[in-house]
Amino acid sequence: MKILVTAKRIPDPGQKIKLKGNALDLSAANWQLNQFDEYAVEAALRLTEDGAAPATRQGAVTVASLGPADVQQQLRSALAMGADKAIRVEAKDEELDAVIVAKTLEKLVRRDQPDLVLMGKLAADNEGNDVGQRLAALLGWPQATFACSIQVVDGGKALLVGREVDNGVEIKKVRLPAVVTVDLRIIAPQAVKNGRTAANFAYPEGPRYASLKGIRAAKDKPIEALTLSGLGVSTALQVKTHGSELPPARQAGKKIASVHELVEKLRSEAKVL
Amino acid sequence: MALPTTYSFETEEHADLRRQVRRFAEQQIAPHSHHWDEAEEFPRELYREAAAAGVLGVSYPPELGGAGGDLTHGLVVADALVYHGRSVGTAGSLGSHAISLPLILNLGTTAQKEQHIPPVLRGEKIAALAITEPGAGSDVASLSTSAVRDGDHYIVNGSKIFITSGCRADLVVVAVRTNPDRSLRHLGLTLLVIERNTPGFVASRKLKKTGWWSSDTAELSFSDCRVPVANRLGEEGSGFFAIIQNFAAERLLLAAQCVAVAQLAYDESVAYAKTREAFGKTLSGFQVTRHKLADMATRIVPIRSLVGDLAMRLARGQASMAEVAMAKNAATDMCSFVCDQAVQLHGGMGYMRETLVERLDRDARLFPIGAGTREIMNEIIARAEGY
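These protein sequence lines map, in sequence, to chains F and A. Take 72 as the starting number for the first sequence in the numbering used here and just add one per residue. Take 70 as the starting number for the second sequence in the numbering used here and just add one per residue.
Certain hints may be false.
What the hints assert, rightly or not - With a straight-line cut-off of 27 Å between C-alpha atoms, the simulated DSS-like cross-links for lysine-lysine are:
(1) F:K326 x A:K194
(2) F:K91 x A:K343
(3) F:K290 x F:K163
(4) A:K194 x F:K284
Unchecked claim - Some chain F residues well away from chain A (every beta-carbon gap over 10 Å; in silico):
(5) R234
(6) K243
(7) V330
Hints are computed from structural coordinates only; laboratory data are not their basis. Given the structure is predicted, the values throughout are model-derived calculations rather than measurements. By construction, the Cβ of each residue, glycine as well, lies at the ideal position given by its N, Cα and C atoms.
The whole structure should be built from the sequences, with the hints applied where relevant.
Structure follows, in structure tokens:
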């Protein structure tokens with residue numbers, strides 16, 4: 072199976088957010104791979120392996136990202152996990168919106184014709200959660216979002232995708248080629264079944280570690296460099312950011328002596344009654 | 070934050086490795102670090118998990134199941150494992166193969182390497198090194214555990230003490246005297262791989278220590294223990310020089326642990342000084358505290374540079390034993406100072422078992438003793454300097 076995985080770099084969510092004027096100040100950001108995209112890489116690798124150690128692969132995993140030259144570092148870490156090659160489309164973060172990203176991915180998909188596009192369900196920085204859906208619409212492909220499990224069926228022609236919904240797990244069958252976005256439970260030990268591993272085969276929980284061997288091998292794997300104009304994508308932004316502000320600082324709590332006082336404060340201060 | 074928390078030699082490759090080790094240590098060691106220390110043990114399963122995370126194989130050749138890399142990569146692993154795992158004892162025991170496997174790697178035959186090294190790097194077996202005896206430690210040439218040849222076997226008698234991972238080890242590289250002529254001193258020493266369940270070999274005692282509680286430290290006893298001659302590493306009499314050669318990397322890794330421990334104690338102290346209030350302001354509001362912290366930082370930084378520089382040169386074979394000895398002493402002195410200051414800065418809390426710096430201070434006490442004492446280091450330096 073030929074799989075295209077998308078990868079976005081995001082500022083370390085553990086870092087404090089800084090503002091410069093009314094814009095985000097990312098000059099001191101520690102960039103890392105969006106964790107849902109890391110889960111997508113793991114899921115893609117599981118789909119192309121046979122579960123043996125060392126694994127023999129069937130198919131290929133390409134990881135694609137839009138961003139400045141630094142994004143190579145995040146792409147290399149996906150390659151170190153085991154992906155076969157990478158594509159970087161040169162772009163500045165502030166020059167991108169979900170439409171441009173989806174249209175760029177559409178071009179890549181039409182050019183490379185993967186059987187499956189695997190994506191994180193959202194990027195943990197702006198939590199947009201719309202590129203996967205847009206891409207599926209642009210391609211006219213079936214989509215299954217928020218996957219918590221993936222099973223290859225019909226001799227590799229379709230997937231059963233589990234999605235956690237309010238009252239259980241919904242199973243969608245999608246014919247390939249398709250777009251699937253993954254949620255965090257896709258990295259559970261038995262979440263991915265590719266039809267070649269034993270029915271009870273269990274991976275270690277979580278995205279795999281890259282060994283030093285993998286890190287070294289990643290250096291020799293190709294990263295193709297493309298541009299938006301080269302792909303013929305319009306760079307006109309359809310979503311503009313007008314400003315960013317921090318949520319108001321949290322106030323210290325108050326101790327209240329009686330229910331009467333509580334109701335009084337809910338009425339006079341919180342104004343919720 | 071101006072203090073460097075990485076080594077200057079680190080390339081993108083080292084940074085990637087550091088990230089992996091950090092993730093492993095943060096997720097699989099740090100949450101348990103206090104509990105494992107109090108329980109004086111960590112789960113054996115951690116070896117397999119460390120292997121799966123690519124931690125154990127670093128600086129071993131890929132053909133033996135290793136991940137490749139040299140001493141600089143080993144240093145990054147040691148640093149990140151201690152700093153992010155927050156348990157010196159766990160990191161020490163998890164890494165006990167780092168002092169025993171190199172002897173098999175350097176002296177062993179292809180068959181011995183293929184038999185013993187891959188299972189340890191897969192986390193299936195635990196390896197330890199046994200040199201020190203109740204009657205001889207620093208004075209390696211006076212070791213008395215004997216191995217008398219009897220056909221295809223050696224009959225080993227004697228005991229070993231202070232052996233890291235000794236209780237749980239599946240294979241122990243043991244220094245024995247194969248030549249009964251004691252006047253030969255160090256030339257009579259040979260290394261044997263002695264496997265668990267060999268009749269006559271028992272871990273006779275788990276030792277109670279000042280620090281490193283989560284690390285198992287044992288006394289081993291050998292009585293008429295029959296060890297196949299095939300388990301001998303190198304020729305008879307080759308043990309001493311192999312041990313000495315092995316010491317350089319061991320001492321430098323220990324110095325790296327000192328840097329990580331001190332960095333941790335310092336960071337804990339800064340965080341505490343910024344939140345703890347006294348006389349109406351935070352501790353960091355007092356000049357005396359700020360200067361104490363500045364002194365701690367100033368001690369750590371040059372040692373990190375020294376250790377990093379030496380690692381690069383040692384990896385290229387360009388550093389002397391005396392330089393390593395100096396680095397070890399400088400690092401252990403620095404670590405003792407920083408941990409002591411950290412406890413002082415924490416006041417009463419610094420004396421409580423629930424406080425990390427209390428544990429680090431106890432753990433740090435080992436460093437000027439282990440892998441060659443401070444005094445032995447000075448002897449090496451004095452000899453090299455010619456006085």
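Results of checking the hints against the structure:
1. Taken as a hint, the K326 (chain F) and K194 (chain A) pair is broken in the structure, with Cα atoms around 57 Å apart against an allowance of 27 Å.
2. Restraint check for K91 (chain F) and K343 (chain A): satisfied, since their Cα atoms lie roughly 25 Å apart, inside the 27 Å limit.
3. The straight-line distance between the Cα atoms of K290 (chain F) and K163 (chain F) is roughly 24 Å, inside the 27 Å bound, and the hint therefore holds.
4. Only pairs whose Cα atoms come within 27 Å are accepted, and K194 (chain A) paired with K284 (chain F) is accepted, the gap being roughly 21 Å.
5. Chain A leaves R234 (chain F) outside its interface by the beta-carbon criterion, the shortest separation being 27 Å against a cut-off of 10 Å.
6. Its beta-carbon lying about 32 Å from the closest one in chain A, K243 (chain F) satisfies the requirement of being farther than 10 Å from that chain.
7. Residue-level check passed: V330 (chain F) sits 34 Å from the nearest beta carbon of chain A, beyond 10 Å.
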